Amino acid sequence: MPTLDDERFEAYLKQFRPLVPKPLPAVEPSLRARRAVALGAWAAAAVAILVLGALTLHIRTNRARIAETAENVGNPERLQDSQPLTMRSANALMAKAPSFKAMVDGMLFRSQAVPLPKGKRSAVAVLGKEKIKL
Amino acid sequence: MHRTDRNTAEIESLYRQHGPELLLFAQAVTGERGRAQDAVHQVFLKLIEKGTLRQVVDKKAYLFACVRNAALNEGKQRQRNAPLDPDAAWFIPPDRDYAGEQNLRRALEALPGDQRQVMVLHVWGELTFSQISDLLDLSSNTVASRYRYALAKLRDSMFAKENYCANP
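Protein chains in written order, with this note's numbering: chain A, 12 to 145; chain B, 1100 to 1267.
If we strip away everything but chain A, and leave its shape as in the complex, we get (with noise of 0.2 Å):
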């Protein structure tokens, strides 16, 4: 137990009061926060890419597709293939010519790209040679 003496001693120690030390400094915010931010930020610039990319692919494709209508509206030979004429091909020249003229034209002056089997001659190459009496 302390004497009387020294709880006087006491007393006047703790008169003598401890300084007070200086402010915490900025608290910053905890990690898990900076985590979260951090984490928010990486997946908006993600989508950002994202759509950014969908709309280049999606303007561009609109303009080929756009620049080969325009094409194709000038020049009905470009849409005669190697296919043979079907009545899709025949409705899609009639759709995209500029005349009927054009129409026409475009059908009957078609490439011959299929060829035909061996021993057989087109029915256009044979009446050509024939002499035929009007």
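It should be emphasised that the hints constitute simulated quantities derived from the structure, not laboratory data. Model, not experiment: these values are computed from the prediction. Hints may contain errors.
Claimed, not checked - Here are the in silico distance ranges between beta carbons for each label pair:
#1 B/Glu1109 <-> A/Lys33: 52 to 58 Å
#2 A/Ile77 <-> B/Asp1104: 54 to 60 Å
#3 B/Asn1240 <-> A/Glu21: 58 to 64 Å
#4 A/Val62 <-> B/Gly1133: 51 to 57 Å
#5 A/Gly64 <-> B/Gly1133: 50 to 56 Å
#6 A/Leu66 <-> B/Asp1104: 37 to 43 Å
Claimed, not checked - Derived lysine to any residue pairs resembling SDA-like cross-links, with alpha carbons at most 25 Å apart:
#7 A/Lys25 <-> B/Tyr1246
#8 A/Lys33 <-> B/Pro1192
#9 B/Lys1252 <-> A/Phe27
#10 A/Lys25 <-> B/Ser1244
#11 A/Lys25 <-> B/Ala1160
#12 B/Lys1145 <-> A/Pro36
#13 A/Lys33 <-> B/Gln1201
#14 A/Lys25 <-> B/Glu1173
#15 A/Lys33 <-> B/Tyr1246
#16 A/Lys33 <-> B/Arg1205
#17 A/Lys33 <-> B/Glu1111
#18 A/Lys33 <-> B/Glu1173
#19 A/Lys25 <-> B/Arg1115
#20 B/Lys1145 <-> B/Ser1244
#21 A/Lys33 <-> B/Glu1200
#22 B/Lys1149 <-> B/Lys1159
#23 A/Lys33 <-> B/Tyr1161
Note that CB positions come from ideal geometry on N, CA and C, so glycine has one too.
Chain A is already provided as a structure; the job is to place chain B on it using the hints.
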């Protein structure tokens, strides 16, 4: 209020409440005000970052233990038992008794480190011997014994310099 904000406010309140004693104790361990201040700040910033003190039963004793560990860890990287800084004040003296403050500081400096820690924890930290024994991992009898020796030495030292006996 958000839970994290509430915890931060609680920890900041503990800093305001116990900061001076903790700083004094850190000074008693490190011997240097700057290092002591760093140790106290480090402890509280970590507590704010972790966000809770709810599971701690004796918060005050826990804070002293944290500050002691921080100060000792920091001291390991430098030199152990560094001499106390003779110029930096430790206390706000009563009635502007700066000579008395210097006298007390020098008397504390003259104490062995373990007795100085017990002295500061009991007188200014207001921890019981039982709390100090848990904190320093010593028996209560050892703590009480160290305190008695420290008190006697401190009084002798201050009597010799200030003639305290005449007018305590």
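We went through each hint and held it up to the structure:
Distance hint check for B/Glu1109 and A/Lys33: the Cβ-Cβ separation is about 20 Å, which falls outside the suggested range of 52 to 58 Å. Between A/Ile77 and B/Asp1104 the beta carbon distance is about 57 Å. The supplied range of 54 to 60 Å therefore holds. Here the CB-CB span from B/Asn1240 to A/Glu21 is close to 20 Å, at odds with the stated 58 to 64 Å. Judged by the Cβ atoms, the range 51 to 57 Å given for A/Val62 and B/Gly1133 holds: they are separated by roughly 53 Å.
In this structure the supplied range 50 to 56 Å holds for A/Gly64 paired with B/Gly1133, their Cβ-Cβ distance being about 55 Å. The hinted window of 37 to 43 Å between A/Leu66 and B/Asp1104 holds, with their beta carbons roughly 41 Å apart. Using a Cα cut-off of 25 Å, the hinted pair A/Lys25 and B/Tyr1246 holds, with the two alpha carbons roughly 15 Å apart. At roughly 18 Å between alpha-carbon atoms, A/Lys33 and B/Pro1192 fall within 25 Å of each other, so this suggested pair holds.
Note on B/Lys1252 and A/Phe27: the hinted pairing holds, with a Cα-Cα distance of about 18 Å set against a maximum of 25 Å. Distance restraint check for A/Lys25 and B/Ser1244: the Cα-Cα separation of roughly 20 Å lies within the 25 Å cut-off, and the hinted pair is therefore satisfied. Using a Cα cut-off of 25 Å, the hinted pair A/Lys25 and B/Ala1160 holds, with the two alpha carbons roughly 19 Å apart. At roughly 12 Å between alpha-carbon atoms, B/Lys1145 and A/Pro36 fall within 25 Å of each other, so this suggested pair holds.
Our distance criterion of 25 Å between C-alpha atoms is met by A/Lys33 and B/Gln1201, whose separation comes to about 21 Å. Note on A/Lys25 and B/Glu1173: the hinted pairing is violated, with a Cα-Cα distance of about 28 Å set against a maximum of 25 Å. For the hint pairing A/Lys33 with B/Tyr1246, the CA-to-CA distance comes to about 29 Å; that exceeds 25 Å, so the pair is violated. Between A/Lys33 and B/Arg1205 the alpha-carbon distance is near 23 Å, which keeps this suggested pair within the 25 Å criterion.
Restraint check for A/Lys33 and B/Glu1111: the C-alpha separation of about 12 Å stays at or below 25 Å, so the hint holds. For the hint linking A/Lys33 to B/Glu1173, the alpha-carbon distance of about 19 Å falls within 25 Å, and the restraint holds. Between A/Lys25 and B/Arg1115 the alpha-carbon distance is near 18 Å, which keeps this suggested pair within the 25 Å criterion. Taking the CA atoms of B/Lys1145 and B/Ser1244, the gap is near 34 Å; set against the 25 Å cutoff, the hint is violated.
A threshold of 25 Å between alpha carbons decides the hint, and for A/Lys33 with B/Glu1200 the separation of about 20 Å falls inside it, so the pair holds. At most 25 Å may separate the alpha-carbon atoms for a hinted pair to count; B/Lys1149 and B/Lys1159 meet this at roughly 17 Å. For a cut-off of 25 Å, the pair hint linking A/Lys33 to B/Tyr1161 stands: about 21 Å separates their Cα positions.
When the structure is compared with the earlier hints, violations turn up for hints 1, 3, 14, 15 and 20 and for no others.
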